[in-house]
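A.B. asks: Chain by chain, the residues:
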Amino acid sequence: MLLRALRPGGTVPVTLLCLGYGGFALLPAGSAVAMGLLVDRVRQASGAPAVWLPALALFVGTVLAGHLIDAALEPLRYLVRARVNGSHRATVAALVAGAPTVAVLERPAVQDLIRTASGDPQSWTEQTPGDGAVAQVGVLARWLAAASAAAVLVVFAWWLVPLLAVPALASRAIRRRDLLRVVRVWAHGAGDGRRADYWKRTVLSPSTGKEQRVYGFGDWAVAQVLTAVRAMYGPIWATTLRVQRSGAASALLMLLPLTVAYAAVTVAVVDGRTPVGVQVAVFLAGLGVYVALGPTWDALETEGALRVMAAAEQLRDVLAPVHRRPATAPVAPRNGRPPLVTFEDVGFGYPGTGRTVLDGLDLHIRPGEMLALVGLNGAGKSTLTKLLAGLYEPTAGRIRADGVDLRDVGLPRWRDQLAVVFQDFVRYELPMADNVTLGRASVPPDPVARDRAAAEAGLAEVLARLPDGWATPLSRGRSGGVDLSGGQWQKVALARALYAVHTGARILVLDEPTAHLDVRSEAELFDRLRDRPAGVTVVLISHRLATVRRSDRIVLLDGGRVAESGHHDDLIRLDGRYARMFRTQAERFRPGHPDRVDV
Amino acid sequence: MRRYPGLWWRLFRLSFRARPGVAVAALTCRLLSLVTVPATGLALSWAVNASGAGLRSTALVGAAAAALAYTLNATVEGVGHGLGLVVVDRTGLLLLEPEILGEICGIDGLDHLERSDYLDRVSTLDRAAWGLVAAAWNALDSLVNLARLGIVLALLGTVTPYLTLLLVFAAVPLWFDVRGRRVLTRTELATAEDDRLQRHLFDLATRAAPGGEIRVAGAASDLVRRQARAWRNVHDARFRAQLVSAAWRAGAWTVFTLGFAGALALVILRADRAQGTVGDVVLAVSVATTVRGLVQQTVAKSAQTAESGVLVEPYLWLRRYAAEARGGEAGHRAAPRRLTDGISLVDLTYRYPGTGRNALDGVTVHLPAGSVTAVVGEYGSGKTTLVKLLCGFHRPDGGRILVDGVDLAGLDTRGWWRRMAVAFQDFGRYQAPFREAVGLGEPGDLADDDRIRAAVRAAGADDLLDRLPQGLSTPLGRDFGGVELSEGQWQKTALARACMRRSPLLFVLDEPTASLDAPSERAVFDRYLRRARDAAGDAGAITLIVSHRFATVADADLILVLDGGRLAEAGNHDELIAAGGRYAALHAVSTRGYATTSGPPPPATPAR
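Quick note, the sequences are listed as chains A and B, same order. The first sequence maps to residues 2 to 600 in our numbering. The second sequence maps to residues 20 to 627 in our numbering.
Think of the hints as simulated: they come from the structure by calculation, not from any bench. The C-beta atom is built at its ideal place from N, Cα and C for all residues, glycine as well. Each hint should be verified, as a subset may be incorrect.
Short, incomplete list of chain A residues facing chain B, as computed with Cβ under 10 Å [said to hold, decoys possible]:
{"hint": "1", "residue": "Ile115"}
{"hint": "2", "residue": "Tyr199"}
{"hint": "3", "residue": "Gly210"}
{"hint": "4", "residue": "Lys387"}
{"hint": "5", "residue": "Pro395"}
{"hint": "6", "residue": "Thr396"}
{"hint": "7", "residue": "Arg479"}
{"hint": "8", "residue": "Val483"}
{"hint": "9", "residue": "Ala498"}
Working from the sequences, and respecting the hints, build out all of it.
C.D. replies: So, in structure tokens, the structure goes:
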């Protein structure tokens with residue numbers, strides 16, 4: 002599986018990598034032989050360099066090859082790792098981004114899967130697929146190195162092979178187990194580690210730093226850090242110390258067999274049964290068996306990589322059913338007119354909460370109207386917009402556009418008609434221009450529509466202050482970039498949605514679009530919305546009834562369904578819940594009123 | 020650089036205090052590693068010579084010594100490294116980190132958390148404690164490695180002085196390795212921005228929260244493409260740097276190997292002429308082949324030690340800065356037990372370092388004891404700066420704040436804080452049990468559930484508490500699997516925290532309600548107005564309410580309108596409306612939609 006993961010590395014680099022590792026693996030045995038040969042030749046020769054020069058050349062050749070291969074392997078490893086990881090990350094990103102709804106992404110189990118599958122190590126215990134794939138080649142090379150060293154031993158006596166290889170393997174198994182044990186203890190402490198980081202950030206952040214000073218809980222927060230650190234590291238330290246003791250003890254598995262082997266060959270040389278060259282070769286090759294099987298770090302890399310790849314595989318299984326539902330409805334000619342949207346007996350509850358948010362909701366959103374959604378917190382206003390955007394599917398009833406069920410329209414085609422300002426809009430750390438044109442990524446960037454949207458969203462004055470205009474990245478972390486304030490970002494989000502409208506979206510949904518704006522900007526925005534181009538439906542969510550009253554129609558949601566609907570004047574005349582809410586709000590803006598109802 | 024040895028020495032002493040036994044063992048392993056390589060060479064040469072000469076027992080001792088030396092060589096370093104890690108962890112995380120965090124917390128001002136040049140240093144220190152101690156041990160390892168290299172070369176010199184020439188050849192790779200490494204570091208820095216971008220885009224493409232907007236806009240595939248491009252930019256550049264560095268190294272080691280081959284030929288010639296032995300050849304070879312590893316380790320450890328400069332400088336800066344802050348002319352007077360006169364701002368002026376404009380500019384006003392004062396103004400008008408000066412986070416550049424006639428600068432800052440309660444706009448959302456999230460407002464009362472419940476009641480958060488599944492013990496926040504609160508609930512928690520102080524002299528609400536809609540904000544303020552008037556009695560406490568909304572503060576005794584750092588208007592609601600100035604105009608905008616007649620709406624934008 003890990004070797005298959007090498008494929009994105011490219012044929013040439015991977016072949017070179019394998020050759021490099023293979024060559025490197027043969028060197029210890031090779032240099033043991035060359036060294037033995039050299040020693041024998043030196044003993045034979047007397048004043049004739051021709052006898053030992055070839056052996057010297059052979060030996061120097063192995064040394065030089067070792068240096069050169071080692072130097073070459075570094076960039077090769079890097080390249081293969083980067084390519085494997087790049088391909089893996091691109092696949093995961095495309096897989097997740099391709100899921101048409103977000104409901105499945107919100108499941109904590111799926112979020113964990115994504116975290117693991119992203120292959121972005123947060124600590125030394127986590128590895129990438131590239132690490133694992135390269136390490137797997139390394140593991141194979143290890144076996145080759147051990148086998149070739151063992152082959153040299155056979156020259157003297159076959160029984161040296163089991164004598165050295167069995168304890169060497171046992172020692173490797175022990176150390177491998179110990180390493181993975183430390184990794185497990187580490188992973189186990191991750192929760193406490195995050196807690197320590199959390200309280201550390203609390204001390205270091207300017208906002209909580211203010212509270213921490215006035216309230217004087219600095220010492221308390223530091224104590225929290227210490228408690229979490231002890232909880233995380235206590236077991237780690239204990240295990241690490243135990244592992245060092247076991248490492249020291251397993252040295253006996255090397256010392257005793259090596260002593261026996263060295264003694265045996267030495268006795269043979271003293272007795273004249275074996276040349277000194279063989280003794281040198283056995284000394285070096287015997288060591289070579291242990292050196293080859295020594296390092297166990299690659300176990301960590303392969304195991305870690307397998308975890309990442311298994312998570313990606315699971316993620317694929319989880320996301321597969323939600324992918325690809327083909328659009329079945331024929332494309333109806335639009336003529337730029339927004340569709341009539343109907344919610345029919347729609348019911349919905351967020352998965353895993355057991356709470357019903359929408360319940361038997363019937364609603365028409367008429368082409369070209371400005372519809373305001375009002376209601377108390379939790380009435381389901383934002384949820385309704387999310388269903389409208391196809392981010393969730395209704396658990397009961399259906400939503401139709403011009404009579405066709407949204408599921409049959411096909412989500413990409415449906416969303417092409419939408420522009421939405423969500424409450425938690427996205428802050429792209431990209432140039433300002435991209436921040437606006439990503440409002441509708443399906444069409445090539447249109448500078449004219451972009452400028453118009455910017456002007457309408459009140460973005461012009463923000464833009465004027467940017468050092469590089471449209472090209473300025475909106476993040477201080479990028480060169481020449483700047484950070485925007487909450488209010489400025491809100492204008493960017495508005496411009497983004499308006500850009501989508503100017504490039505063809507027909508339904509504009511605004512969910513509390515002015516939460517960060519001051520009074521003046523808010524008033525200006527609503528005037529513009531009322532003067533919007535014909536042929537665009539606007540759905541507006543706002544708490545401010547003074548703003549909302551000027552909409553074509555106001556819909557009050559309550560208990561998951563439409564409670565009242567009509568023009569402001571009608572609803573005031575009706576003297577129902579809306580009228581009460583409006584009066585309450587109006588009251589709050591007069592001094593000296595009694596405190597009656599919390600909105 | 021000159022201060023470094025002193026720092027390393029101090030960190031070593033800390034290390035030996037943290038876990039003496041383990042530290043001694045780690046040090047012993049390092050000392051042992053000094054001799055294991057020469058020992059292998061000597062033992063090998065001994066065994067070979069004695070075997071060749073037919074000396075059975077001597078040869079056997081040599082063979083056993085070789086086995087022992089190899090085993091030690093293979094074990095000591097790993098064990099020493101493992102033991103060293105434990106010492107570094109314990110010293111860094113249990114001793115040095117609390118010291119650093121304590122220094123940061125202990126500085127009364129806020130400059131070190133706000134000014135970007137300071138903040139860069141402080142945020143580096145976030146993970147510095149471990150790194151600093153590790154750097155001290157790295158420095159030791161560099162020394163040990165240099166010593167090993169020296170011993171190895173000296174041993175070769177005993178075979179024939181010519182072999183010491185290898186020192187020259189070893190210097191070539193040492194120098195080339197450093198060069199190659201520098202190329203890598205430079206490229207890493209140069210591509211860091213694209214790497215961050217790549218991460219950011221991956222995050223956007225795979226997280227649920229931004230997923231909605233990205234899907235509606237059809238931006239997903241675009242983001243995936245951009246992520247892949249940024250990834251390629253980063254790694255293409257870094258691969259090229261790797262190639263350059265590999266070329267340097269290949270060249271360097273070729274030079275070294277040729278030098279080594281020459282030296283080896285010399286040794287063999289000497290053996291040939293019976294000036295040396297075969298054992299010498301074996302010794303020279305077995306020892307010289309370890310030189311590469313030693314050089315690479317030496318370079319790596321020295322590079323790590325040198326990199327620690329990015330931690331050492333901020334650390335030394337912090338110690339200096341904290342010492343200066345402690346030694347500054349801080350006041351020592353205690354805060355008054357109760358306010359009789361009030362707080363006077365006299366020609367108060369402040370400018371943030373590095374900016375070209377006064378954030379507060381000559382503000383003079385008196386806040387009477389027991390009053391409720393509202394500060395209104397648009398973004399950037401100086402409201403928050405005023406609050407920070409009142410908190411003593413910054414010292415005024417001009418003018419004074421007088422608390423019952425005493426300059427705030429003359430008061431002991433911590434004592435003043437103990438008589439303040441503040442709910443900030445960017446209040447903390449503490450991922451802790453509800454008890455602690457509230458009780459932190461008065462850490463001394465953390466164990467007093469009755470006191471905490473009283474604060475919860477005072478903040479009108481009883482309904483929230485009732486709904487929490489485990490009452491006061493309910494863990495809050497998603498980070499650690501607690502109950503996630505809505506914005507409004509977090510904010511009630513923050514207000515409850517502000518209510519923990521028993522008798523504050525100054526109670527500040529610095530827009531903790533900014534994310535609420537105006538009517539809800541007003542409801543919160545109303546509650547505090549009443550509470551403030553109830554509580555003001557005994558201590559003469561002043562309540563200060565800050566808002567960018569002009570319509571929500573109408574009931575305050577005194578309304579201050581700030582504009583561009585200056586006090587534009589001051590008075591109560593009726594006076595300001597009558598004055599027909601800025602306050603009146605903006606109040607009209609905020610309320611215009613609520614006219615009870617249903618005629619056409621008034622014009623949108625008020626005349627400035």
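A.B. asks: Under the criterion of a CB-CB separation shorter than 10 Å, is Arg479(A) in contact with chain B as hinted?
C.D. replies: 6 Å, holds
A.B. asks: Would the hint on Thr396(A) be counted as holding, given a Cβ-Cβ threshold of 10 Å to chain B?
C.D. replies: With a closest approach of 18 Å, the Thr396(A) hint is violated.
A.B. asks: Tell me if the interface restraint on Ile115(A) is satisfied: Cβ within less than 10 Å of some Cβ in chain B.
C.D. replies: 5 Å, holds
A.B. asks: Would the stated hint for Ala498(A) survive a check requiring a Cβ distance to chain B of less than 10 Å?
C.D. replies: Holds: closest Cβ of chain B sits about 9 Å from Ala498(A), inside 10 Å.
A.B. asks: Given Gly210(A) as an interface hint, is its Cβ closer than 10 Å to any Cβ of chain B?
C.D. replies: 5 Å, holds
A.B. asks: Quick check on the hint: Tyr199(A) CB to chain B CB, less than 10 Å?
C.D. replies: 6 Å, holds
A.B. asks: Is the shortest C-beta separation between Lys387(A) and chain B less than 10 Å?
C.D. replies: With Cβ-Cβ at 6 Å, under 10 Å, it holds.
A.B. asks: Hint validation: Pro395(A) versus chain B, beta carbon distance must be below 10 Å. Holds or violated?
C.D. replies: 16 Å, violated
A.B. asks: Take the shortest C-beta to C-beta distance between Val483(A) and chain B; is it under 10 Å?
C.D. replies: 12 Å, violated
Hints 5, 6, 8 from the list above are not met by this structure, while the remaining hints are.
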